[in-house]
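All chains, please: the whole structure from these sequences, using the hints.
Line by line, the protein sequences are chains A and B.
Sequential numbering of the first sequence, starting at 1, is according to this note's numbering.
Sequential numbering of the second sequence, starting at 1, is according to this note's numbering.
Nothing false has been slipped in among the hints.
As a list, the in silico DSS-like pairs of lysine-lysine whose alpha-carbon atoms are at most 25 Å apart:
1) Lys42/B - Lys110/B
2) Lys98/B - Lys57/B
3) Lys65/A - Lys98/B
4) Lys69/B - Lys59/B
5) Lys42/B - Lys71/A
6) Lys57/B - Lys69/B
7) Lys71/A - Lys98/B
8) Lys98/B - Lys69/A
9) Lys65/A - Lys42/B
10) Lys69/A - Lys57/A
11) Lys57/A - Lys98/B
12) Lys69/A - Lys18/A
13) Lys79/B - Lys57/B
14) Lys18/A - Lys57/A
15) Lys71/A - Lys18/A
Some residues of chain B that are not near chain A, with every Cβ distance over 12 Å (derived):
16) Leu11
17) Ser19
18) Ser24
19) Glu60
20) Arg61
21) Thr65
22) Ala77
23) Lys79
24) Pro80
25) Ser83
26) Lys110
No lab work stands behind these hints: they were computed from the structure.
Just so we're clear, the structure is a prediction, and the values are computed from it rather than from any experiment.
Every residue gets a Cβ at the ideal spot worked out from N, C-alpha and C, and that includes glycine.
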Amino acid sequence: EAQVTQNPRYLITVTGKKLTVTCSQNMNHEYMSWYRQDPGLGLRQIYYSMNVEVTDKGDVPEGYKVSRKEKRNFPLILESPSPNQTSLYFCASSNLRSNRLAAQETQYFGPGTRLLVL
Amino acid sequence: EDQVTQSPEALRLQEGESSSLNCSYTVSGLRGLFWYRQDPGKGPEFLFTLYSAGEEKEKERLKATLTKKESFLHITAPKPEDSATYLCAVQAPAAGNKLTFGGGTRVLVKP
Numbered sequence: 001e002a003q004v005t006q007n008p009r010y011l012i013t014v015t016g017k018k019l020t021v022t023c024s025q026n027m028n029h030e031y032m033s034w035y036r037q038d039p040g041l042g043l044r045q046i047y048y049s050m051n052v053e054v055t056d057k058g059d060v061p062e063g064y065k066v067s068r069k070e071k072r073n074f075p076l077i078l079e080s081p082s083p084n085q086t087s088l089y090f091c092a093s094s095n096l097r098s099n100r101l102a103a104q105e106t107q108y109f110g111p112g113t114r115l116l117v118l
Numbered sequence: 001e002d003q004v005t006q007s008p009e010a011l012r013l014q015e016g017e018s019s020s021l022n023c024s025y026t027v028s029g030l031r032g033l034f035w036y037r038q039d040p041g042k043g044p045e046f047l048f049t050l051y052s053a054g055e056e057k058e059k060e061r062l063k064a065t066l067t068k069k070e071s072f073l074h075i076t077a078p079k080p081e082d083s084a085t086y087l088c089a090v091q092a093p094a095a096g097n098k099l100t101f102g103g104g105t106r107v108l109v110k111p
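Given below as structure tokens:
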């Protein structure tokens with residue numbers, strides 16, 4: 001079954017304690033991305049990656065790091081979490097197309113990780 | 001800066017009562033407009049991609065249309081299982097592969 005998995009699904013932590021949210025996809029997609037979703041602000045992109053070892057900042061990258069050492073995995077790292085990073089996080093993946101008007105095909109989203117930083 | 005505005009924020013419908021959701025966008029050259037459905041506690045689920053003005057796509061009771069400034073998602077004779085938040089997103093060349101999302105429309109269909 002084609003899917004994007006995220007772990008953990010729920011996490012409560014304290015300010016300053018480093019954490020990693022894992023994301024894995026089994027569709028051999030080149031493109032992977034992290035979003036956060038907040039009430040009234042919608043989905044905002046944190047970081048994205050167009051292939052292994054290629055990452056770039058989205059709209060709200062401050063306080064986050066990512067890595068793409070393997071095609072299937074795209075972990076999100078919070079080196080020193082703060083309460084304003086309390087949010088619902090989604091990982092997504094898709095293929096890239098160079099010969100269509102839209103550079104992406106269907107983007108598949110993971111089930112989400114709900115993070116509370118105290 | 002790309003902007004996407006969805007209206008209304010929330011919509012309550014009786015089963016069978018057709019309606020439309022609006023997605024207005026401002027981008028420098030639209031590469032694609034995407035519609036997603038999101039159920040509570042779950043990730044967005046892809047519905048449609050529209051590439052150019054005049055294009056229409058249908059899936060069951062849903063039909064998406066696109067003009068140069070906005071897109072509509074028409075829900076015909078909705079059922080309670082159509083209750084969800086519907087998200088619109090745009091992709092523009094100047095923004096690379098980034099998707100810019102609207103705030104969504106929460107749809108509740110009562111039996």
